[in-house]
Amino acid sequence: MRCLRRHQLPQLLRAIHDPPRRLYLRGEAGADLLEEKAVAVVGARACSPYGAQVGRMLGRELASAGLVVVSGLARGVDGEAHRGALAADGRTVAVLGCGIDRDYPAAHAWLARAIAERCLIASEYEPGVPPEPFRFPARNRIVAGLCLATIVVEARARSGALITADFALEEGREVFAVPGEITSSLSAGTNALLRLGATPLTSADDVLEALGIEPPVREAPTHPLLQLLPATADELVQATGSSAAETAAALAELEVNGLVAEADGMYRALA
Amino acid sequence: MLARAITFALVGLEPRRVEAEAFVQEAVPAFVLVGLVDRACQEAKHRVRTSLKAARLRWPGRVTVNLAPAELKKEGSGFDLPIALALLAASGQVPRERLAEHASCGELALDGRLRRVNGVLGVAEGARRAGLPRIICARDACAEAALAGVEPVGVEHLSEAVAYLCGELEAPVFARGNGQPRSVALDLADVRGQERARRALELAAAGGHNMLLGGPPGIGKTMLARRLPGILPPLGEEAALEVTRIHSVAGLVDPTHPLIERPPFRAPHHSASTAAIVGGGPRLRPGEASLAHRGVLLLDELAEFQRPTLEALRQPLEDGEILVARAAGSARFPAQFRLLGTMNLCPCGARGDPGAQCTCSPQRISSYRARLSRALLDRFDIVVTVPRPRAAELQAAAGEPSKHVRARVAAARRRLSDAPPARTDAADKVLTRAVERLRLSGRGRAKVAAVARTIAALAEAEAVEPAHVAEALTYRAPPELTA
Chain V
3 MRCLRRHQLP QLLRAIHDPP RRLYLRGEAG ADLLEEKAVA VVGARACSPY
53 GAQVGRMLGR ELASAGLVVV SGLARGVDGE AHRGALAADG RTVAVLGCGI
103 DRDYPAAHAW LARAIAERCL IASEYEPGVP PEPFRFPARN RIVAGLCLAT
153 IVVEARARSG ALITADFALE EGREVFAVPG EITSSLSAGT NALLRLGATP
203 LTSADDVLEA LGIEPPVREA PTHPLLQLLP ATADELVQAT GSSAAETAAA
253 LAELEVNGLV AEADGMYRAL A
Chain S
9 MLARAITFAL VGLEPRRVEA EAFVQEAVPA FVLVGLVDRA CQEAKHRVRT
59 SLKAARLRWP GRVTVNLAPA ELKKEGSGFD LPIALALLAA SGQVPRERLA
109 EHASCGELAL DGRLRRVNGV LGVAEGARRA GLPRIICARD ACAEAALAGV
159 EPVGVEHLSE AVAYLCGELE APVFARGNGQ PRSVALDLAD VRGQERARRA
209 LELAAAGGHN MLLGGPPGIG KTMLARRLPG ILPPLGEEAA LEVTRIHSVA
259 GLVDPTHPLI ERPPFRAPHH SASTAAIVGG GPRLRPGEAS LAHRGVLLLD
309 ELAEFQRPTL EALRQPLEDG EILVARAAGS ARFPAQFRLL GTMNLCPCGA
359 RGDPGAQCTC SPQRISSYRA RLSRALLDRF DIVVTVPRPR AAELQAAAGE
409 PSKHVRARVA AARRRLSDAP PARTDAADKV LTRAVERLRL SGRGRAKVAA
459 VARTIAALAE AEAVEPAHVA EALTYRAPPE LTA
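Protein chains in written order, with our numbering: chain V, 3 to 273; chain S, 9 to 491.
Hints are computed from structural coordinates only; laboratory data are not their basis.
Here the structure is a predicted model, which means the values were calculated and not measured.
We put the CB at the ideal spot given by N, CA and C, even for glycine.
There could be a bad hint or two in this list.
[Stated by the list, open to error] Partial selection, computed: residues in chain V whose CB lies under 8 Å from chain S: (1) Gly-78; (2) Asp-103; (3) Asp-105; (4) Ala-159; (5) Leu-230; (6) Thr-234; (7) Ala-235; (8) Ala-247; (9) Gly-260; (10) Ala-271.
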């Protein structure tokens, strides 16, 4: 565990309106990781499978393009973004709203361990400080402060993720919002951001373009099943006329290759 | 005068020899019954007395009956007949030597008629092991007693038993045979669509895998689960007898065709107590897990069961038997069942249903899922999530009937037991890669390997190919259940 004093903070974070006095760090990576180009991926804790899928995909693609993915280790979108970055062998930073030595939420203890093994966990609170509601908005200013751009994946009308976006706007950083269904309460916050003028995010390349990074060339996956997703296994059986066994084998193949993911029986394309 | 009648008491499923010793004195009529007898057994005094009267037999005077060994607790009403016969022999109303060649069991009615009791099969097996060729029992218990390989002497009335022992009546001839079973298994043809769940069910049947079905309410999880017994092959001779023995003790056999030839199916309600599921209670009865021996135990709404009850199932799932230890003694009940569980994906039930929005908080969902311990989840080889089918699927043609599936399952089982297919190198590679990419635990890997073997056997393949491993991967438990 290390501690950065105010004058040692990365440049972007030092530049915000009220930078933290200290920043505690935990993890194998050096403090210079915070100086690298970073984007924040934040969103609702109670996200939909759609939000989880987009969070994971952005984490993976932005990390594999070389960006550092910053988020808050919360359930839902935050956790998915970290996981996506780790899955792509990319770099990610988790900013906590509690003491640097605590794993909160407890369900993400293993995720915190995985992040600390390769990347960094940061917090402005000394060890032992319990998580409390008022600390999370403060944490969000660090998340936004570390990053060139903030992406809000899914957010209800009055969500913590919107606070992060507000901080980013105040500091003049780029804000992206992922469009959602207008009938879904989980997208009310992001759609409101779009109405206020946030940049709509339609793919990870939108972010890379805005930051002036050449998007890596990806070969487009061509498996015929991918065109039919999202769908349940039974719907694919119906649509393709192949047996349940063949369909399952094909889906597993795609899953091992990281092209689809299953949640609650629904298969979704990740690309 | 002293005389003995032989019967057997069941400790769990195990028959123990019990001798009803009667001693008769010419004195004021009285009846003393000793030998650690319980309430129902103590009441035998009144039933025996009135039965003798109804059969116009003589009450001999002062009667002392001891059920030996006195240390063994005697329960139930099956001792009525041996007690009556012993005191009749002691008073010279039936020949003693002839009585000693027979075992007997049955409850007497006040008018002297004989009623069948639970566990006749166990008593008859005890008689066979003790070298007694014949057992006197109620007429409707004959079919069950005959399963043990002894000759049943079926009588309807106490006076008939007396006449038989005195040689005035030939033993009624008993026609062997197990009639047609009453219950008809539900057919898979009733299930439309649901290809994935059907496939999983077939695999569970073929490989003897435990299976967990998840999905929103009303999609037919229970309907599917109830059709699993119908695709299991019939029980072998040995297994059928094992199952019948347990059901006999529980009083669940059909007197006209006692032998249970189809795998049993038990579906206890989720309010069931631990003792009801694993067995026990003051009288050491088999629980639902033992009644499902060699068959299927369906726990519908798995997450609604009490956690201690579910945890108690782990030991039988591992060992295939349950050791119940109580103050009354201990008993061993076989319990090799396959476990079939169903559950919703969240407490409100809307998850997995495209037409509804789930209102559960993440905390509620994780506490709902946390009701199942990891250790229990680890026992499920196959976990399938079934989302709500669309209307079009419900109009699909009727599914494949159970008898076709059953034939495939039987063939696959033979293949698995004769020569289980081994993995090819290519399949090994797929498995190794999956372990890395999907973060499978050691046990997770073993389960995928086992299911892949079943898939290969069902496909009549020589070896486990990569496609078989790939399909098996889709039946692993989702990470949010295991994390």
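A quick look at each hint next to the structure:
Hint status for Gly-78/V relative to chain S: holds, with the closest Cβ pair at about 7 Å, below 8 Å. Because the closest C-beta pair between Asp-103/V and chain S is about 22 Å apart, greater than 8 Å, the hint is violated. Hint status for Asp-105/V relative to chain S: violated, with the closest Cβ pair at about 14 Å, above 8 Å. For Ala-159/V, the shortest C-beta to C-beta distance to chain S is roughly 16 Å, which exceeds 8 Å, and the interface hint is violated.
Look at Leu-230/V: its Cβ only gets to about 14 Å from chain S, farther than 8 Å, so that hint breaks. The closest approach between the C-beta of Thr-234/V and any C-beta of chain S is roughly 5 Å, which is under the 8 Å cut-off, so the hint is satisfied. The restraint placing Ala-235/V at the interface with chain S holds, with a minimum CB-CB distance near 4 Å, inside the 8 Å limit. The interface hint given for Ala-247/V is met, as the beta carbon of that residue sits about 6 Å from the closest beta carbon of chain S, less than 8 Å.
With a cut of 8 Å, the hint placing Gly-260/V at the interface with chain S holds, because the nearest CB-to-CB distance is about 7 Å. Because the closest C-beta pair between Ala-271/V and chain S is about 16 Å apart, greater than 8 Å, the hint is violated.
Hints 2, 3, 4, 5, 10, counting from the list given before, are not met by this structure.
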